[in-house]
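Enquirer: Spelled out from the first residue to the last, the chains are:
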Amino acid sequence: MRRALWLAASWRVRATTYIVLIVASIWVLTPFVWAIQNSIKSLTDTFNPAAIVPFVNYTPTLSSWIKVLSDNQAIPALLSSLIVSSGTTLLVILLGTPAAYSLAGFEFPIRSRDLNLWFYSQRVMPPVVVLAPFFILLVQLKLVDTRIGLILIYTTFNLTFGIVIMRDVFREISRDINDAAKVDGANAWQIFWLIAIPLSLDGLIVTGIIVFSFCWNEALFASAVAPQHAATLATFVLASRSTQGVNFNIAAVNTLIAIMPPVLMSLFVHRYLARGLTFGAVKG
Amino acid sequence: MHDLKLPFVRRSERLYSSSNTLKYIFILPAALWIVAFTIFPVFATIQYSFANYVLGRGITAYVGLENYLNVLRSGAFWYSMFITSAYVSIAVPVELVLGFLLAWFVILCPREHNFFRPILTAPLFTMEVAIGYLGITLFTSQGGLFAEVLDYFGVHIPWMTTASGGLAAAIILDVWRWTPFVFLIAIAGLSGIPDEMYEAALLETSNYRHLLLYIALPLSWPVLSVALLLRLIEALKTFGIPLALTGGGPGISTQLFSILNYYTTIQFFDFGKGSAMAVIYLIFVSVVVALFFNGLRKGFE
Chain A
56 MRRALWLAAS WRVRATTYIV LIVASIWVLT PFVWAIQNSI KSLTDTFNPA AIVPFVNYTP
116 TLSSWIKVLS DNQAIPALLS SLIVSSGTTL LVILLGTPAA YSLAGFEFPI RSRDLNLWFY
176 SQRVMPPVVV LAPFFILLVQ LKLVDTRIGL ILIYTTFNLT FGIVIMRDVF REISRDINDA
236 AKVDGANAWQ IFWLIAIPLS LDGLIVTGII VFSFCWNEAL FASAVAPQHA ATLATFVLAS
296 RSTQGVNFNI AAVNTLIAIM PPVLMSLFVH RYLARGLTFG AVKG
Chain B
-17 MHDLKLPFVR RSERLYSSSN TLKYIFILPA ALWIVAFTIF PVFATIQYSF ANYVLGRGIT
43 AYVGLENYLN VLRSGAFWYS MFITSAYVSI AVPVELVLGF LLAWFVILCP REHNFFRPIL
103 TAPLFTMEVA IGYLGITLFT SQGGLFAEVL DYFGVHIPWM TTASGGLAAA IILDVWRWTP
163 FVFLIAIAGL SGIPDEMYEA ALLETSNYRH LLLYIALPLS WPVLSVALLL RLIEALKTFG
223 IPLALTGGGP GISTQLFSIL NYYTTIQFFD FGKGSAMAVI YLIFVSVVVA LFFNGLRKGF
283 E
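Each protein sequence line maps, in turn, to chains A and B.
Okay, so the first sequence: first residue is 56 according to this note's numbering, each after it adds one.
Okay, so the second sequence: first residue is -17 according to this note's numbering, each after it adds one.
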């Protein structure tokens, strides 16, 4: 990406670059390929080291996929993950967007540095520290083992985070556009709804995707407060780990179902990702 | 003239005051949510840590420091602190170095070969317990991919049956899962270095190792240190990968703090002891993060 650097590079530097990147890509892709490979093998083929190329060394089969998907646990878990993750994302965006806009655009008696410190301190605390209080709260609200209970917890964990990123996204909008709209007679609500939101849409989408994958991948609270009826894929994976043991083909299917949605989503986001993951501390 | 001016003034006043209310209306729902749900849990944990809590009956008695003494006398607690520290102090530096180097090579690489970037980012979005679960099929001695490949080269490591093997396997998966985090941030840092810097340096040297060590590394260090700090914070929470890979075993040998605390709270419903251990750990984490934060800030001031 650095033209000057690449043009001046010797063939050895260029070769090293490609070798390192190819080796790293193989390292990254291996578990994915391994999982896909095992998911279309029969159980006996998973123990055969010579079964490498499908159709040549072994006959691929969809039996593991059919077995998992027709089981009465995977689909509800998938559904739970979808509902909980999108519900949380929606709630975070709904509550967080106006708050973020307000913090980005208006003066508050509280300094923004103090606010940042509060946000970061939220991040430092390991979630397991508040496991007992949330468990007890859900017991009292009769929300144990419900999707709503999980949405409540996840919204709490992601709201501050979402506000920090979205505040940064809104700060990108130039003051001039804001002033121009004001001169044209737009009120504060119109500026927010007709100008700020459309202009920062891609930033908001990235925020949504990050929040979605945080919820999707969360296992500690999911398995603690929603072990059965509202079990998400993370809980399902942990459970099948103990019931299915090392059934390579089933493990592979379970893994793939659990990891693919956020990974596929990640392929569509580039901008704001570093910024989102560092809560705005890093631009890019 | 006067008539024309008055509505104008009034309108702008209204605009100002309405946006002033709007800013509070906008922030209120989120603020209420945060106040309601993020402040009480910490205080509740502190409260439970001094109490005997029975599920269904609530706090039955305050027991002073008993829970704390129980935790401090427990070998499993100190072991989990030790094993967590070992895990973090191996995984995080490895991820920092690898992530930075990969970012450097991706930055070097011509634009049309940009596809390396999404590939190298992909693990960051994978579910940790699923990766731990898949890890069993990578490290188990019967047919596990890594185990078999290493066996082929004559390296026999009992990944799943020993403490150090399990810890090493978990760290390898952690490196796979989290190096992309540093990688992404390092790319952002390296992209911020102006081309002229390199062009000027290229007049003096053609050694790319020097460009890496004397330009890229120091100039992106402020950004890298953010990656280090955030990675440290997240690593201290490590839960999913070792839980799914080894279940904390064999025995308690890979029971990192979050796993121990999870079992204490959710399997044994010992909220008092679980909370006491959480408070101690929270203090430990805060001190570690504060020390790093201060050290890093001095680093680039």
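Hints are computed from structural coordinates only; laboratory data are not their basis.
Note that this is a predicted model, so its numbers are computed, not measured.
Every residue, glycine too, gets a C-beta built ideally from N, C-alpha and C.
Treat the hints with care, as some may be off.
Stated by the list, open to error - Label-pair distances were calculated between CB atoms; the ranges are:
(1) GLU94(B) to ILE138(A): 39 to 45 Å
(2) LYS197(A) to ILE234(B): 31 to 37 Å
(3) ILE21(B) to PHE163(A): 17 to 23 Å
(4) TRP248(A) to ASN189(B): 52 to 58 Å
(5) PRO11(B) to PRO131(A): 30 to 36 Å
(6) THR42(B) to TRP248(A): 51 to 57 Å
(7) PRO253(A) to VAL137(B): 52 to 58 Å
(8) TYR44(B) to ILE121(A): 54 to 60 Å
(9) GLY240(A) to LEU185(B): 52 to 58 Å
(10) LYS197(A) to PRO11(B): 21 to 27 Å
(11) PRO253(A) to THR42(B): 52 to 58 Å
(12) ILE74(A) to LEU10(B): 51 to 57 Å
(13) LEU62(A) to SER268(B): 44 to 50 Å
(14) ALA58(B) to SER141(A): 37 to 43 Å
Claimed, not checked - To spell it out: a stretch of chain A is covered by chain B in this simulated footprint if at least three of its residues, at any positions, have a beta carbon under 8 Å from a beta carbon of chain B; those stretches are:
(15) 123 to 133
(16) 180 to 188
(17) 197 to 205
(18) 306 to 316
Enquirer: Could you run down the list of hints and mark each one as holding or not?
Expert: Hint by hint, here is what the structure shows:
no. : hint                               : result
1   : GLU94(B) to ILE138(A): 39 to 45 Å  : holds, 41 Å
2   : LYS197(A) to ILE234(B): 31 to 37 Å : holds, 34 Å
3   : ILE21(B) to PHE163(A): 17 to 23 Å  : holds, 19 Å
4   : TRP248(A) to ASN189(B): 52 to 58 Å : holds, 55 Å
5   : PRO11(B) to PRO131(A): 30 to 36 Å  : holds, 31 Å
6   : THR42(B) to TRP248(A): 51 to 57 Å  : holds, 53 Å
7   : PRO253(A) to VAL137(B): 52 to 58 Å : holds, 57 Å
8   : TYR44(B) to ILE121(A): 54 to 60 Å  : holds, 56 Å
9   : GLY240(A) to LEU185(B): 52 to 58 Å : holds, 56 Å
10  : LYS197(A) to PRO11(B): 21 to 27 Å  : holds, 24 Å
11  : PRO253(A) to THR42(B): 52 to 58 Å  : holds, 56 Å
12  : ILE74(A) to LEU10(B): 51 to 57 Å   : holds, 56 Å
13  : LEU62(A) to SER268(B): 44 to 50 Å  : holds, 48 Å
14  : ALA58(B) to SER141(A): 37 to 43 Å  : holds, 39 Å
15  : 123 to 133                         : violated (count 0)
16  : 180 to 188                         : holds (count 9)
17  : 197 to 205                         : violated (count 0)
18  : 306 to 316                         : holds (count 6)
Violated hints for the displayed structure, listed by number in ascending order: 15, 17.
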